[in-house]
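> Okay, here's what each chain looks like letter by letter:
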Amino acid sequence: MTVKRPLGHGRGRRAWLLAALSLALIAVSQNSSWAALVTRVAVEASGRGAALAILSTAPEALDLQSFTLDDPPRLVFDIPGAVLAQGQAECLPVGAAGIRQVRVAQHQSDPGLVRLVLDLEVASPPAWRRAPGRQAGEALILIGEPVPLALQPPTVKAVGDTVLVRIPDAAGLTRCVATLEAPPRVYADLTGAVLEAVYVQGYEEGLVRQVRMAQQTLTCDPPVSRVVVELREPTEHVLYEDGSDLVIALGPQPWAAPLPPYQAAGRLKGKGIVVDPGHGGGRSGAPAIKGPPAEPPYEKDMVLDIGLRLRRLLGSEGAEVAMTREDDTNVSLWRRADLANELKADAFVSIHCNSYPTPDTLSGTSVYYDHGNSVELAELVRQELVAGLGTEDKGVRSANFSVIRRTQGPGILVETAYINHEGDRARLLNPNFRERAARAILQGVIRFLSQTPQPSAPEG
Amino acid sequence: MSRRRRRTSRRPALAVMLLIIAAGVGLALCRLHPGVRAKRPHTSFHPAFSRPGTEPGTEPSPPAHAVTARIYFSRIVNGKERLYPVRRELLAEDLQAAAQAAVEELVSGEVPTGCARPLPEGARLERIWVKEGRTIADFSPELVSNFAGGSEHEGVAVYAIVNTLTSLPSINQVHILVDGKEVDTIGGHLDTSGPLTADDELVVPSR
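Keeping their order, the protein sequence lines are chains A and B. One rule links them: number in the working numbering = place in the first sequence (from 1) + 8. One rule links them: number in the working numbering = place in the second sequence (from 1) + 358.
Honestly, the hints are just simulated from the structure, not real lab data. Misleading hints may appear alongside valid ones.
[As the list claims (entries may be wrong)] Once the Cα atoms are required to be at most 30 Å apart in a straight line, the calculated DSS-like pairs of lysine-lysine come out as:
no.	chain 1	residue 1	chain 2	residue 2
1	A	298	A	165
2	B	438	A	165
3	A	298	B	438
Sequences and hints are given; from them, build the entire structure.
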């Protein structure tokens, strides 16, 4: 280790000094059994919480000491007896869970001490807890309350032909989803998600053979958890967010397939249509998962989306379209119908999602009318909806709902599907399903207006 | 006032005391009568529906007699939610008491097998008025705030009330109020701003 021959040139001397220093450092880290080498510090944050992963070569659990400092407020984690690997002294921006940034440094060299300083945005330090890492020598610090990034075990539920694998609180995590063969499986990588334990669950029968979750890697930044669903046979998969959950729907789902661009042919020239997305504003509609009071996803949002799609489609066919609402505002029931009457609309379509107080009880599509001039429109729209959506056919029914009772011209109220039925909601949450619903209503309206000679709308 | 009274003789004071005692006895007697007299609505709320001669103590209570009502519960038939009528005998001294008892059967009475309660959890009848075939039924705010359903269920909830009340003799219209006020809608589909008549289309066809 000693160098006998001194070098004459200045540049050469500096190089010699650097080499000697490096060698000394390596010697310290290798010769001293107590020195844990911290190889990586990674931080992943969302608006709700943050996870701090510390990877080291320590043969057992890292010794972590924490304390707070004021002015400016800081939360500090010390790892005594540790040496920071080269290039790992850095400042990691966070901007979540009340943490501005994390600074990582070799605070003291003999004995070694690696210090992580969390610069806080507020005076009070956030709640945190330590979770075991994947292996000894790794530490996981989960910051913020609640800590949504720590994944919980998924649930598996068969709904009709489809199987829903639901991962609680995993909505909003960026992810990639893909399939693998032999055996057939679908996996989703949840970026920024950490697991406290590996999870494996087998299923005796059905489409799903096994569901497992594992920390994909903590060394890559941000951490990634992988959910693998092993199947008995290859099948379609659709990934969607249901409230705060992430769901992988497996099985045939023809309604979710993308649609070709709509080919308009000017079939509604000279016609006036009023589209009425139900509810809105403070009236969010029927509860989907939780409530009352309802929590997202909201009926008002889904029916507005279908309504706006319908407006675009009707417009492309040459119709004059008026919306009772085109944003998240509530409109009185009377005002909705009055708009159709004022405009002497050729058709009025109110769009809703159905719901029954006990979840997952009823499902399907129904179309309501009130007066005789609307029966045909209701029937044609029902035919198109059931054919296009593959939902349960609940038929055409009469009811004196305010908006269709008050409209003088042909008016219907469409209950697209049940928002608090898991199978129906999987559909409603899919944009391709909502596009299919809008196109089905459009086809029903076109058939109605092209086959019936229109009597002039009655005078108000 | 009191000072003036004190200045005069003792006799008026004695008379006042006697009056108070008499009123107390009267009230106690009233409470002995069965029925819902104690829960009578404020007559000042809807003057049109106050009934003459119903002030406590001004008339003897008629004896309670049996009235048959049809109570409409929710039942799923072929994937559709319907109204399922059940006959119930109610003991009531008059039509108003019968109307109240009928709604209370709907809210808290025994639910027939295979049926569900049609009204949202926590929804209670606060007050009820009956006059000339029309009923005003005032419910607690939970009727709206705890409503969890779509158009189909709203129809069942609203017409469970309307059909139940109109099953009583001579009632043919029901106006639903919530927290003492008119409401345009319970769940965003049905217009409840005015009186409603029974809807038989929602009823399970009789076997």
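> State for each hint whether it applies.
A quick look at each hint next to the structure:
1. For the hint linking residue 298(A) to residue 165(A), the alpha-carbon distance of about 18 Å falls within 30 Å, and the restraint holds.
2. A hinted pair counts as satisfied when its Cα atoms are at most 30 Å apart, and residue 438(B) with residue 165(A) qualifies at roughly 24 Å.
3. For the given pair, residue 298(A) sits about 22 Å from residue 438(B) by alpha-carbon distance, which is consistent with the 30 Å threshold.
Consistency note: the structure conflicts with none of the earlier hints.
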